[in-house]
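Enquirer: Using the sequences plus the hints, can you model the full thing?
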Amino acid sequence: MVLNQHNKSSSLAKREAVQGILCILPGIIGLLVFMIAPIMVAFFLSFTEWPILESPRWIGIANYVELLRDSLFWTSLKVTLLYTLGALPLGIVVSITLAILLNRSLRGITFFRVLYYLPVIMSGVAVSVLWRWIFNPDAGLINQILGYFHIEGPLWIFSEKWVLPSFILMSVWAMGGMMLIYLAALQGIPQQLYEAAEIDGANIWQKFWRITLPMLTPTIFFNLVMGLIASFQIFTPAWIMTQGGPGTASLFYVLYLYQQAFISLRMGYASSLSWILFLLVVSAALLIFKTRARWVYYEVERSK
Amino acid sequence: MMMRKSVFWLSKAKKKLCLDVVVYLILSLVGFLVLLPLLFMISTAFKDLAQAYEVPMRWIPHPFRWNIPKAMALVQQYGSGLLGAYWNTLVITLSTLVGQVFSCSLVAFGFSRFRFRGRDAIFFLFLATMIVPYQVTMIPTYIFFSWLGWINTYKPLIIPAYFATPFYVFLLRQFFLTIPMELDESARIDGAGTLVIFSRIILPLSKPALATVALFSFTATWNALLAPLVYISDMKKYTISLVLNALASVGTLMTIVPYHLLMLLSLMTMIPCIVFYIIGQRYYIRGIVMSGLKG
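Top to bottom, those sequences are chains A and B.
Numbered by the numbering used here, the letters in the first sequence go through residues 1 to 304 in order.
Numbered by the numbering used here, the letters in the second sequence go through residues 1001 to 1295 in order.
Quick caveat, the hints were computed from the structure, so don't treat them as lab data.
In this text, a Cβ means the ideal position worked out from N, Cα and C, and glycines have one as well.
Please note that the accuracy of each hint is not assured.
[Said to hold, decoys possible] If you only want the chain B side, here are some residues facing chain A, beta carbon under 8 Å, derived:
(1) T1044
(2) D1048
(3) Q1077
(4) F1111
[Stated by the list, open to error] List time: in silico SDA-like cross-link candidates among lysine to any residue, alpha-carbon distance up to 20 Å:
(5) K290(A) - V1132(B)
(6) K1236(B) - M1072(B)
(7) K1016(B) - S105(A)
[Claimed, not checked] Chain B stretches covered by chain A per the calculated footprint, using a threshold of three residues with CB under 8 Å from any CB of chain A:
(8) 1011 to 1024
(9) 1213 to 1225
(10) 1236 to 1245
(11) 1261 to 1271
Expert: And the structure:
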């Protein structure tokens, strides 16, 4: 992969290095200015009190002390985690199931793939407004359909009990992306494994548990990490549909962060919230990475 | 024995057919469920207020209302109106798209075709930052832009796009790695410099990957809410996300929300993305697949 393989002259190698670094320079600058510096600044800011209109005041660890005593902080963590625990496993199960169904040589399968992926590209405010209408207890789609069966639908996003399931339902609708990844992974599983199993007399269930699932674990692992990170960033649906309500039943973590930073104008406290977020996400990702040796099978993947 | 074989074959083929039919049915049902919200949106968009709230609902609006003038009137109070908001969003989206495509391809080019000390370590660090949520860097970045005097302009939304986004760099690098180095080498023998190789050889060969990045970038920026919400307060500069947001929050105070107009506006907002998706869905899907299979 090196341009000057045969000529190990150091000046050529140096020129190549310089050119390479010049090419990636925008990325390096971006990394420093928009990632590393802000993270460090956020760290320092978290030890200050800064109501924007005045200058920041150093207050040591007072923000973190307050944070630990802040019931809203714990609530927002709980909401985010509950959502993740609901949405992630469900998402994985649904996506894998659909991917297995789609993994056939059927005509028109592409049509379904395209269709299922459609919700993924519709993000943002428009979709959230749509779902707010769908969840409308009087005339929204879901309760209208339930009405056909003479079932009285719940208050959905206006009910403390049903608000998180509403968000989870919304995320299942947008499962298409995950499903496509699993589909591609399934297609990468060599047929010989299944044929060998059939010769040994394996049934469908065994084929799934002993071959398919283990072969999918790298992909599941990847989706777990990405899904975890994504759920810690849920903002737009919460902002548009519920603003954290009813009460604080859908106070997602970054919604609370935004409120503290730009509504209560407490930049110092919000910085401590963002630093905690950073630590949480990094720990979660590290945890999953460290444990992956236990349950990710790489034999076949390596040959790719 | 021949008879037994043929009977065995028949039942196996029948089995597959039955299974195929069942799978088709399930897939169609799921597909219908996926489409249902969109159909609901389209149906509501062309009703009047009373009919929108009718229970049980009518799927086909009767009478059919061409609500676009009413929707535009509703938006008129927000500075530039509907067309102005679309224009604003388009400006931001295209500027960002250009920046991301060029900066990410240049950076991916550097990571894939040059060797230098620490290259792989830097690349890994670069990728690792993908796990950092936007909200972690949001506040200091806001303060930085505030110090530059760029608040309430589009600059904080567009400028960072010119400094490479890890996910797109990753996608493009994966693609560049599949282009044989011999092409570079023979070009160099012919006297071509690095920039020429980049622009005349690598980029033209990478159209599918570039299309993928362009599509993702367009969709992400077009639909973005948080960044515009943080930086733009002047109503004349509102993007459609901000307009919809303003309407939606006013809506919570109103007793009867004009969902028919909101649905029409949402539909109009989604249409460019849907159109681009249908035209370029090959690229979208390939991009997702490439990212997921890195393993």
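Enquirer: Determine for every hint whether it applies to the structure shown.
Expert: Verification of the hints:
This hint holds: T1044(B) has a C-beta 7 Å from the nearest C-beta of chain A, less than the 8 Å allowed. A distance limit of 8 Å between C-beta atoms decides the matter here; for D1048(B) the minimum to chain A is near 13 Å, and the interface restraint is violated. Taking 8 Å as the C-beta cut-off, the interface hint given for Q1077(B) is violated, the closest approach to chain A being about 17 Å. At its closest, the beta carbon of F1111(B) sits 6 Å from a beta carbon of chain A; the interface hint therefore holds under the 8 Å criterion.
Of the supplied pair hints, the one linking K290(A) and V1132(B) holds, its CA atoms being roughly 18 Å apart against a limit of 20 Å. Taking the CA atoms of K1236(B) and M1072(B), the gap is about 15 Å. The hint holds against a cut of 20 Å. A hinted pair counts as satisfied when its Cα atoms are at most 20 Å apart, and K1016(B) with S105(A) qualifies at roughly 11 Å. With a cut-off of 8 Å between beta carbons, the segment 1011 to 1024 of chain B has 3 residues touching chain A; three or more are needed, and the interface restraint holds.
Interface restraint, the segment 1213 to 1225 of chain B with chain A: holds (6 residues with C-beta to C-beta distance below 8 Å; minimum three). With 4 residues carrying a beta carbon less than 8 Å from a beta carbon of chain A, the segment 1236 to 1245 of chain B meets the three-residue requirement, and the given coverage holds. A stretch counts as covered by a chain when three or more of its residues have a beta carbon under 8 Å from one of that chain; for the segment 1261 to 1271 of chain B and chain A the count is 7, and the coverage holds.
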